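J.: Start from chain A and add chain B according to the hints.
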Amino acid sequence: MAPEVHIAAAGGTDDDGIGTSFDLITTAIAEADDGTGVVILCDLGSAILTAETAVEFLEDDVASRVRIADAPIVEGSVAAAVAAQTGGSLEDVVRAAESAAASLSADVDTAASAPTSASDAPIVVDPEPTAVVNDPAHAEGTATLINASGLHARPAAEFVRMASTFDARISLNGVDAKSLLRIMGLGLGKGAAVSLEATGPQARVALDALIELLESGFGE
Amino acid sequence: MALGIRWTRAWIARTADVIADNRVLLITLDRDIGDGDHGENMDRGFSAVKAKLADVAPDAIPADALKLVATTLISTVGGASGPLFGTAYLKAAGAVAGQAELDGAAIVALLTAARDGIVLRGKAEVGDKTMIDAWTPAVDAATAALAEGKSEIEILQAAADAAQVGSESTDPLVARKGRASYLGERAIGHRDPGSVSAALILRAAADATAD
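As you go down the protein sequences, you meet chains A and B in turn.
Position 182 (the first sequence) corresponds to 181 in numbering that gives the first Met the number 0; numbering is contiguous.
Position 152 (the second sequence) corresponds to 151 in numbering that gives the first Met the number 0; numbering is contiguous.
The hints are simulated quantities; they were obtained by calculation from the structure and are not laboratory data.
Just so you know, these numbers come straight off a predicted model, no measurement behind them.
Treat each hint with caution, since some may be false.
What the hints assert, rightly or not - Facing chain A, a subset of chain B residues (Cβ under 7 Å, in silico): (1) SER74; (2) GLY78; (3) ALA146.
What the hints assert, rightly or not - Taking lysine to any residue and the SDA-like style, the derived pairs with C-alpha atoms no more than 25 Å apart in a straight line are: (4) LYS49(B) to ALA209(B); (5) LYS49(B) to ARG160(A); (6) LYS66(B) to LEU57(A); (7) LYS122(B) to GLY10(A); (8) LYS66(B) to GLU167(B); (9) LYS122(B) to GLU184(B); (10) LYS51(B) to PRO200(A).
Built from N, CA and C at the ideal position, the CB exists for glycine as well.
Chain A with its partners taken away, still in its complex shape (with noise of 0.2 Å):
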């Protein structure tokens, strides 16, 4: 899902127990280290502590670019690893990670919905109300998964991937297309009718494109 993102694992103790390291942990920021920044993510209790004992024995240039997210270890990772493999920033990443625990509970609420635009933005609503269809700020579209596993994992992050690119803001059945455990969260498989929507200046491409690529079958 995120192929060229650094994952460097460091749990348990030095003699695999279960616990934690200091050394191991130092070892593993280390290995993340490509100068770009580190995110840390931890489980319970003695994880964060050392970790953050580790992150204050660093050097100060790196220790300012350790940060340890606030974050559920395994969803965060995998919103962590996304939103790192979609060149996010650190802060981008460590955002991710932490919308990741908030993300869990919203997504009942908005899947349940109808398909409504994800965002907050005013959307822009030409008097015509046919003109909304054709208004170049704001697109939609239907398209049904033809694939196997339908949007989860790999697709689902293929999907959020591209998402990324585009200027706009973008929604799937809902949700914020450009979140992976959002659209993960809709469990949506094979045969699955999905509605899209976007707003902003690359809304038609963007719409044109994702239809694409869920059309395709993701190669599966």
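T.: Here is chain B on its own, set in the frame of chain A:
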């Protein structure tokens, strides 16, 4: 009578011994309201510390030894006690940097910095059912003893006595930090293991003045 490297080494060695002696007690307490590894972790950490004591140069100062304890605990104790006690010893070392002999004021500064380090790391408050329930009373007692003009030995004894009482005071508490915080009222009636370790460490500091 100011305390120097000889006292510091004796303190550390006694701590390692008393932690080893109380390993099972600490495991048992932690099994009741935690994940059962506190005694094991502390013993592993302080055994490693004791082994490294031999590396401390004869002309070292207290801060050198305290820093060695800090880094050893941080890298050998696999649980929360590593970063917590490790940071305590690290900040303590910082508080007495450059000093070969520690007078009463330095001892109080050492204990206070240690406590502040634990709070910095773990963010606990008195009443959360943690080692802070032993350390903060110890710091307060030491500070009061200093103000009364007591000797270094008396300051450390006051700290050790207060830490013991503080540790016992955790019995009826509901935990607000750490694994025990998941247990709600089931933690009531059980002593916090970290507070017991803290009390043992501070008692060792007082006893070491006799060495």
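J.: Does each hint fit the structure? Answer for all of them.
T.: Taking the hints in turn, this is what the structure says about them:
{"no.": "1", "hint": "SER74", "verdict": "holds (5 Å)"}
{"no.": "2", "hint": "GLY78", "verdict": "holds (5 Å)"}
{"no.": "3", "hint": "ALA146", "verdict": "violated (33 Å)"}
{"no.": "4", "hint": "LYS49(B) to ALA209(B)", "verdict": "holds (19 Å)"}
{"no.": "5", "hint": "LYS49(B) to ARG160(A)", "verdict": "violated (53 Å)"}
{"no.": "6", "hint": "LYS66(B) to LEU57(A)", "verdict": "holds (16 Å)"}
{"no.": "7", "hint": "LYS122(B) to GLY10(A)", "verdict": "holds (23 Å)"}
{"no.": "8", "hint": "LYS66(B) to GLU167(B)", "verdict": "violated (29 Å)"}
{"no.": "9", "hint": "LYS122(B) to GLU184(B)", "verdict": "holds (21 Å)"}
{"no.": "10", "hint": "LYS51(B) to PRO200(A)", "verdict": "violated (65 Å)"}
Hint compliance for this structure: hints 3, 5, 8 and 10 are not met, and every other hint is.
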